[in-house]
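Chemist: For reference, the chains in residue letters:
Number of protein chains: 2
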Amino acid sequence: MKRKACAEVGIKSIDIDLPEEVPEAELIAKVHELNADPEVHGILVQLPLPKHINEEKVLTEISIDKDVDGFHPLNIGKLAMKGRDPLFLPCTPKGCIELLKRSGVIIKGKRAVVVGRSNIVGLPVSLLLLKADATVTVVHSRTPDPENIIREADIVIAAAGQAMMIKGSWLKPGAAVIDVGTNAVDDPSRKSGYRLVGDVDYQEGCKVAGCITPVPGGVGPMTVAMLLKNTLDGAKRVIGQ
Amino acid sequence: MKRKACAEVGIKSIDIDLPEEVPEAELIAKVHELNADPEVHGILVQLPLPKHINEEKVLTEISIDKDVDGFHPLNIGKLAMKGRDPLFLPCTPKGCIELLKRSGVIIKGKRAVVVGRSNIVGLPVSLLLLKADATVTVVHSRTPDPENIIREADIVIAAAGQAMMIKGSWLKPGAAVIDVGTNAVDDPSRKSGYRLVGDVDYQEGCKVAGCITPVPGGVGPMTVAMLLKNTLDGAKRVIGQ
Chain A
1 MKRKACAEVG IKSIDIDLPE EVPEAELIAK VHELNADPEV HGILVQLPLP KHINEEKVLT
61 EISIDKDVDG FHPLNIGKLA MKGRDPLFLP CTPKGCIELL KRSGVIIKGK RAVVVGRSNI
121 VGLPVSLLLL KADATVTVVH SRTPDPENII READIVIAAA GQAMMIKGSW LKPGAAVIDV
181 GTNAVDDPSR KSGYRLVGDV DYQEGCKVAG CITPVPGGVG PMTVAMLLKN TLDGAKRVIG
241 Q
Chain B
1 MKRKACAEVG IKSIDIDLPE EVPEAELIAK VHELNADPEV HGILVQLPLP KHINEEKVLT
61 EISIDKDVDG FHPLNIGKLA MKGRDPLFLP CTPKGCIELL KRSGVIIKGK RAVVVGRSNI
121 VGLPVSLLLL KADATVTVVH SRTPDPENII READIVIAAA GQAMMIKGSW LKPGAAVIDV
181 GTNAVDDPSR KSGYRLVGDV DYQEGCKVAG CITPVPGGVG PMTVAMLLKN TLDGAKRVIG
241 Q
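Going line by line, the protein sequences match chains A and B.
Numbering of the first sequence is given in the UniProt record's numbering, commencing with residue 1 and proceeding in unit increments.
Numbering of the second sequence is given in the UniProt record's numbering, commencing with residue 1 and proceeding in unit increments.
Next up, chain A with everything else stripped away, as it sits in the complex:
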């Protein structure tokens, strides 16, 4: 999907498929090689990595000028801090904000609830909403009463990875709902035997929410678009220097 999108917009993408048993040092050497290559403006290490490889170590080796995924702790730190600007924003969180803005949803002064606190989505999107002046609550697996908190939200970002956990009755009427979840559930009526659903019960949710993203087809494509945008921005920065 990412490869195809690159081809469509004219970004040259290079796949480097390493064997699953590749030594960590070899993977890091490859990252260094790409860091040094002036033809490369963005590096994406596809996660998850095999168990014998330290994910943190590898991601930290990506030059922050080419960290188009925005997962380098230096980028996350700058994303968190007031008055600091990261070179890249993580793609899915950036896409969530873009979806809200393009749909005319006001963020400033609103109650936002983020469900889930992953490094990839929940945490950074909560930081972005806070920077955009929402009053933000992060709900997670240790929250005893998620429904009562979610019901107060003008904006819900669902990123828990729990199939259809959020019911229609959990939503405030008119709320803007971004469903980041992509969960496979059994479906014998399909040839594949499963179908993809979000963290929100869409059939119920769309009756209550003011706007809601579907799964699949909502956040996914926007994430890819943000990755392309980050790569373009990275290239412009280098060329502009």
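Simulated from the structure, these hints should not be mistaken for laboratory data.
Please read all numbers here as calculations on a predicted model, not as lab measurements.
Incorrect hints may have been included.
As the list claims (entries may be wrong) - In silico DSS-like cross-links for lysine-lysine, where the CA-CA straight-line distance does not exceed 30 Å:
no. : chain 1 : residue 1 : chain 2 : residue 2
1   : B       : Lys236    : B       : Lys2
2   : B       : Lys131    : A       : Lys82
3   : B       : Lys57     : B       : Lys131
4   : B       : Lys2      : B       : Lys30
5   : A       : Lys82     : B       : Lys101
6   : A       : Lys30     : A       : Lys236
7   : A       : Lys108    : B       : Lys131
8   : A       : Lys82     : A       : Lys236
9   : B       : Lys2      : A       : Lys172
10  : B       : Lys101    : A       : Lys108
11  : A       : Lys172    : B       : Lys30
12  : B       : Lys57     : A       : Lys131
13  : A       : Lys82     : A       : Lys57
14  : A       : Lys57     : B       : Lys82
15  : A       : Lys30     : B       : Lys82
16  : B       : Lys167    : A       : Lys82
17  : A       : Lys236    : B       : Lys57
18  : A       : Lys51     : B       : Lys172
19  : B       : Lys2      : A       : Lys57
20  : A       : Lys108    : B       : Lys30
21  : B       : Lys229    : B       : Lys207
22  : A       : Lys131    : B       : Lys167
23  : B       : Lys12     : B       : Lys131
24  : B       : Lys131    : A       : Lys57
25  : B       : Lys229    : A       : Lys82
26  : B       : Lys191    : A       : Lys131
27  : B       : Lys30     : A       : Lys2
28  : B       : Lys131    : B       : Lys101
29  : B       : Lys207    : B       : Lys236
30  : A       : Lys30     : A       : Lys101
31  : A       : Lys131    : A       : Lys236
32  : A       : Lys167    : A       : Lys207
33  : B       : Lys2      : B       : Lys57
34  : A       : Lys131    : B       : Lys131
35  : A       : Lys167    : A       : Lys4
36  : B       : Lys30     : B       : Lys172
As the list claims (entries may be wrong) - Here are a few chain A residues that sit away from chain B, every Cβ distance over 12 Å (derived from the structure):
no. : residue
37  : Ala25
38  : Glu55
39  : Ser63
40  : Leu123
A virtual CB, placed ideally from N, CA and C, is assigned to each residue, including glycine.
Got chain A; can you put chain B on it based on the hints?
Modeler: Positioned in the frame of chain A, the structure of chain B alone reads:
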């Protein structure tokens, strides 16, 4: 206060007083000199800096191994991210958690509200509470109804810098309240003409809260203790290597 505390515990502290008009490059050169000095285990640049100096640039120059204030964006990024450990935690946020733990306040599964979102206190303490499994809401100057949100909190961290903004009626009975605010208000009865108060109306608050820190005397001394602890930890790390 910090100097005296160092002397008391046997940490050698060196004051470097530069003139207000010091060029930025000279201040940074001084930071580099301290970075390179193996006798130095912690560097603290006293804020705020004069207007002609870029605070971000100076703080980023401090070696993260000696960043005992914990304000380097790389440290903040690791503080924010699940599964990552910063070398140092910012002192006041670390002190808030220490105060809660030593007072027997359970954090996991509780509702915590942080009032204020500064880089120094509000933001990092909210991240620490989230890592400790609280359900965290950050309330700030753009929140239309802070009292309704604060009233739901089992734990309140007040770090808004607004003298006595939080009334007793804003608190949930039995809540644990950490008051980080230190605000000067006029007091003609004092020789100095002012006195220090917190962000919480203490007289009212102490009748409702389960526990509450006073201002002055609550968080301040704990912050200094955490700075000493960070410096000791930094030194141990170097000596252990």
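Chemist: Decide, hint by hint, whether the structure agrees.
Modeler: Status of each hint after checking the structure:
1. B/Lys236 x B/Lys2: Holds: B/Lys236 and B/Lys2 sit about 20 Å apart, inside 30 Å.
2. B/Lys131 x A/Lys82: With Cα atoms ~20 Å apart, B/Lys131 and A/Lys82 stay inside 30 Å; holds.
3. B/Lys57 x B/Lys131: holds (28 Å)
4. B/Lys2 x B/Lys30: holds (20 Å)
5. A/Lys82 x B/Lys101: holds (28 Å)
6. A/Lys30 x A/Lys236: The given pair, whose Cα atoms are some 24 Å apart, holds under the 30 Å limit.
7. A/Lys108 x B/Lys131: Given pair A/Lys108, B/Lys131 holds - Cα atoms ~26 Å apart, limit 30 Å.
8. A/Lys82 x A/Lys236: holds (25 Å)
9. B/Lys2 x A/Lys172: violated (49 Å)
10. B/Lys101 x A/Lys108: Answer violated: B/Lys101 to A/Lys108 is near 34 Å, above 30 Å.
11. A/Lys172 x B/Lys30: violated (55 Å)
12. B/Lys57 x A/Lys131: Holds. B/Lys57 to A/Lys131 sits at ~21 Å (cutoff 30 Å).
13. A/Lys82 x A/Lys57: holds (26 Å)
14. A/Lys57 x B/Lys82: Holds - the C-alpha atoms of B/Lys82 and A/Lys57 are around 14 Å apart, at most 30 Å.
15. A/Lys30 x B/Lys82: holds (26 Å)
16. B/Lys167 x A/Lys82: holds (27 Å)
17. A/Lys236 x B/Lys57: holds (23 Å)
18. A/Lys51 x B/Lys172: Between A/Lys51 and B/Lys172 the Cα gap is close to 46 Å, so the pair fails against 30 Å, i.e. violated.
19. B/Lys2 x A/Lys57: With a Cα-Cα distance of about 36 Å, the restraint between B/Lys2 and A/Lys57 is violated, given a limit of 30 Å.
20. A/Lys108 x B/Lys30: Given that 30 Å is the threshold and the Cα spacing comes to 41 Å, the pair is violated.
21. B/Lys229 x B/Lys207: Roughly 33 Å between the alpha carbons, so the hint for B/Lys229 and B/Lys207 is violated.
22. A/Lys131 x B/Lys167: holds (27 Å)
23. B/Lys12 x B/Lys131: violated (33 Å)
24. B/Lys131 x A/Lys57: holds (21 Å)
25. B/Lys229 x A/Lys82: OK: B/Lys229 and A/Lys82 at ~26 Å, within 30 Å.
26. B/Lys191 x A/Lys131: Since the Cα atoms of B/Lys191 and A/Lys131 sit roughly 42 Å apart, the hinted pair is violated (cutoff 30 Å).
27. B/Lys30 x A/Lys2: Between B/Lys30 and A/Lys2 the Cα gap is close to 47 Å, so the pair fails against 30 Å, i.e. violated.
28. B/Lys131 x B/Lys101: holds (14 Å)
29. B/Lys207 x B/Lys236: violated (43 Å)
30. A/Lys30 x A/Lys101: Violated, at roughly 38 Å.
31. A/Lys131 x A/Lys236: Answer holds: A/Lys131 to A/Lys236 is near 25 Å, not above 30 Å.
32. A/Lys167 x A/Lys207: Since the Cα atoms of A/Lys167 and A/Lys207 sit roughly 11 Å apart, the hinted pair holds (cutoff 30 Å).
33. B/Lys2 x B/Lys57: It holds: about 24 Å lies between the C-alpha atoms, which stays within 30 Å.
34. A/Lys131 x B/Lys131: OK: A/Lys131 and B/Lys131 at ~20 Å, within 30 Å.
35. A/Lys167 x A/Lys4: violated (35 Å)
36. B/Lys30 x B/Lys172: violated (49 Å)
37. Ala25: holds (21 Å)
38. Glu55: A/Glu55 is in fact no farther than 12 Å from some Cβ atom of chain B, at 9 Å.
39. Ser63: holds (14 Å)
40. Leu123: violated (6 Å)
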